[in-house]
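Asks: Chains as they are written, first to last, in the UniProt record's numbering: chain A, 1 to 290; chain B, 1 to 290.
Check the hints yourself; a few may be wrong.
Pairs involving identical chains hold if they fit within one copy or between any two copies, as the list cannot separate such chains.
Cut-off 30 Å, straight-line C-alpha distance, at most; resulting in silico cross-link-like pairs (DSS-like, lysine-lysine) [to be verified]:
#1 K257 with K209
#2 K184 with K205
#3 K184 with K257
#4 K263 with K205
#5 K205 with K257
#6 K184 with K263
#7 K209 with K184
#8 K263 with K209
Hints were generated in silico from the structure; no laboratory data involved.
There are 2 protein chains.
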Amino acid sequence: MRSHILGRIALDQERLAQDLAHLAAVPTVEEEYDEFSNGFWKNIPLYNASGASDDRLYRDLHGAPAQPTGHVEHVPYLNEIITTVFDVERLQMARTRNLKNAVVIPHRDFVELDRGLDQYFRTHVMLEDSPLAFHSDDDTVIHMRAGEIWYLDAAAVHSAVNFGEFSRQSLCVDLAFDGAFDEKEAFADASVYTSDVSPAIHERKPFTKEREAGILALSGVIGRENFRDILFLLSKVHYTYDVHPSETYEWLVAVSKEAGDDKMVEKAERIRDFAIGARAFGERFSLTTW
Amino acid sequence: MRSHILGRIALDQERLAQDLAHLAAVPTVEEEYDEFSNGFWKNIPLYNASGASDDRLYRDLHGAPAQPTGHVEHVPYLNEIITTVFDVERLQMARTRNLKNAVVIPHRDFVELDRGLDQYFRTHVMLEDSPLAFHSDDDTVIHMRAGEIWYLDAAAVHSAVNFGEFSRQSLCVDLAFDGAFDEKEAFADASVYTSDVSPAIHERKPFTKEREAGILALSGVIGRENFRDILFLLSKVHYTYDVHPSETYEWLVAVSKEAGDDKMVEKAERIRDFAIGARAFGERFSLTTW
Numbered sequence: 001m002r003s004h005i006l007g008r009i010a011l012d013q014e015r016l017a018q019d020l021a022h023l024a025a026v027p028t029v030e031e032e033y034d035e036f037s038n039g040f041w042k043n044i045p046l047y048n049a050s051g052a053s054d055d056r057l058y059r060d061l062h063g064a065p066a067q068p069t070g071h072v073e074h075v076p077y078l079n080e081i082i083t084t085v086f087d088v089e090r091l092q093m094a095r096t097r098n099l100k101n102a103v104v105i106p107h108r109d110f111v112e113l114d115r116g117l118d119q120y121f122r123t124h125v126m127l128e129d130s131p132l133a134f135h136s137d138d139d140t141v142i143h144m145r146a147g148e149i150w151y152l153d154a155a156a157v158h159s160a161v162n163f164g165e166f167s168r169q170s171l172c173v174d175l176a177f178d179g180a181f182d183e184k185e186a187f188a189d190a191s192v193y194t195s196d197v198s199p200a201i202h203e204r205k206p207f208t209k210e211r212e213a214g215i216l217a218l219s220g221v222i223g224r225e226n227f228r229d230i231l232f233l234l235s236k237v238h239y240t241y242d243v244h245p246s247e248t249y250e251w252l253v254a255v256s257k258e259a260g261d262d263k264m265v266e267k268a269e270r271i272r273d274f275a276i277g278a279r280a281f282g283e284r285f286s287l288t289t290w
Numbered sequence: 001m002r003s004h005i006l007g008r009i010a011l012d013q014e015r016l017a018q019d020l021a022h023l024a025a026v027p028t029v030e031e032e033y034d035e036f037s038n039g040f041w042k043n044i045p046l047y048n049a050s051g052a053s054d055d056r057l058y059r060d061l062h063g064a065p066a067q068p069t070g071h072v073e074h075v076p077y078l079n080e081i082i083t084t085v086f087d088v089e090r091l092q093m094a095r096t097r098n099l100k101n102a103v104v105i106p107h108r109d110f111v112e113l114d115r116g117l118d119q120y121f122r123t124h125v126m127l128e129d130s131p132l133a134f135h136s137d138d139d140t141v142i143h144m145r146a147g148e149i150w151y152l153d154a155a156a157v158h159s160a161v162n163f164g165e166f167s168r169q170s171l172c173v174d175l176a177f178d179g180a181f182d183e184k185e186a187f188a189d190a191s192v193y194t195s196d197v198s199p200a201i202h203e204r205k206p207f208t209k210e211r212e213a214g215i216l217a218l219s220g221v222i223g224r225e226n227f228r229d230i231l232f233l234l235s236k237v238h239y240t241y242d243v244h245p246s247e248t249y250e251w252l253v254a255v256s257k258e259a260g261d262d263k264m265v266e267k268a269e270r271i272r273d274f275a276i277g278a279r280a281f282g283e284r285f286s287l288t289t290w
């Protein structure tokens, strides 16, 4: 795991509550990356490329930093965090992200963009501590605690989940650099930066042959009508068992093959390549059209 | 199947499109019956017990018909359908319902209410023809076509699904009677009533021993972390295979038993009793708290 804690801030619960109330009142819409998730996933852009309040697409910015959207004036506390903690000159996008009863399938980000992958610097400031919410990064599953600022290695195979119905609001601040950089440069306030906070690593059960056999037996159930459901089911396995998130797609391919449906095999391989391989900018994928 | 077509109306697509645009712009919120569904499920009350625009709870009305909500003035065409087609003196609730990429688990309605089950008269006016959307009623799966007015036997074990991402907007009009009635009495305009429209019955595959074995093999995959997902997966089986929707719960119980987790067995039995047995008014159920 390359993801790690960058620092910790004390959250003003009273001011935070007011901002969270605004976020809750913003209508839920279809998301830009809806093919990656199921359940409740709500992203609200605070800073983005265009300044438009409904522009949820991450894209490269060159020359100019991100623009504030109309939501910013309603979340003064979050805006204060963004502008006083981070170096806004490097800001690419800032958005709140909430997951409930939902999983985001294992994927890699930034692969469709122009910069070298190491130039993208994604951070998460966890605003609420939802005990059943986790992130994964390659071989590790972490639980982000409220107030922690994380560097999330979004160029690696990663995923997010909330097994519960509790709100798990996070402030996701994307920065980008040109050339070599020290991660301290992400911050306007260098005193926030610290390397001495131990992460809450989520303990997982061993991934046994028996468990693998159980997963492969999904060939007796999978069909085009539940292909999408099976993908989301498989996407959660690595949160409970110690196995790499990319195995999600190997299982999906294997189960589709065993079920003997070439169209499912083809879709399984395409979604694998789309999510963790190299997709083109703006490429979209349907899990339910055959 | 006791559900059947009551009539058919010609939809004015231009006026309908304006109303649907309003419905699409209404914020999506947490639903009153969210434990019954996953995916996108959006219900907007047009007439209800209180007249409040956010009151989504069905309850018995005695003496007074349902009240219009603030949404009604924005959907003049749907209001015209409600008030000219149906006998509004018997109106209990009218709401639009949309499902996308979603399933509502098999359940029985009205069991927590006061009247005899045969006194409740639920109708659906299908507004859009989404080819992958179906309803089930006991032993039958139907596809409601746009313009059809259906009596849906909601006191029987029934379910709804949309396997696709196409909008499937329906106008659900609930009436109630006291004592014996002729179903023609549901209508203000008796000329709408007809019994000569053949329903589009959805052909299903035979439910084989092999398929049953595949389902029972889910014992190798089920866990508390995916119990909810497995329930929704099982809820879809009867749309593809010719088997009763209530089997959903028998499989869930059996798979939980085979997995050897008493808490899962207990929750499976409770959700079965809650959904298709006798629940108390206002009773709620969590699929993710253990």
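Asks: Hint by hint, say whether it matches the structure.
Replies: For each hint, the structure was consulted:
no.	hint	result
1	K257 with K209	both (19 Å within a copy, 21 Å between copies)
2	K184 with K205	neither (35 Å within a copy, 61 Å between copies)
3	K184 with K257	neither (48 Å within a copy, 53 Å between copies)
4	K263 with K205	between (33 Å within a copy, 19 Å between copies)
5	K205 with K257	both (27 Å within a copy, 21 Å between copies)
6	K184 with K263	neither (48 Å within a copy, 48 Å between copies)
7	K209 with K184	neither (44 Å within a copy, 62 Å between copies)
8	K263 with K209	both (28 Å within a copy, 24 Å between copies)
Hints 2, 3, 6 and 7 from the list above are not met by this structure, while the remaining hints are.
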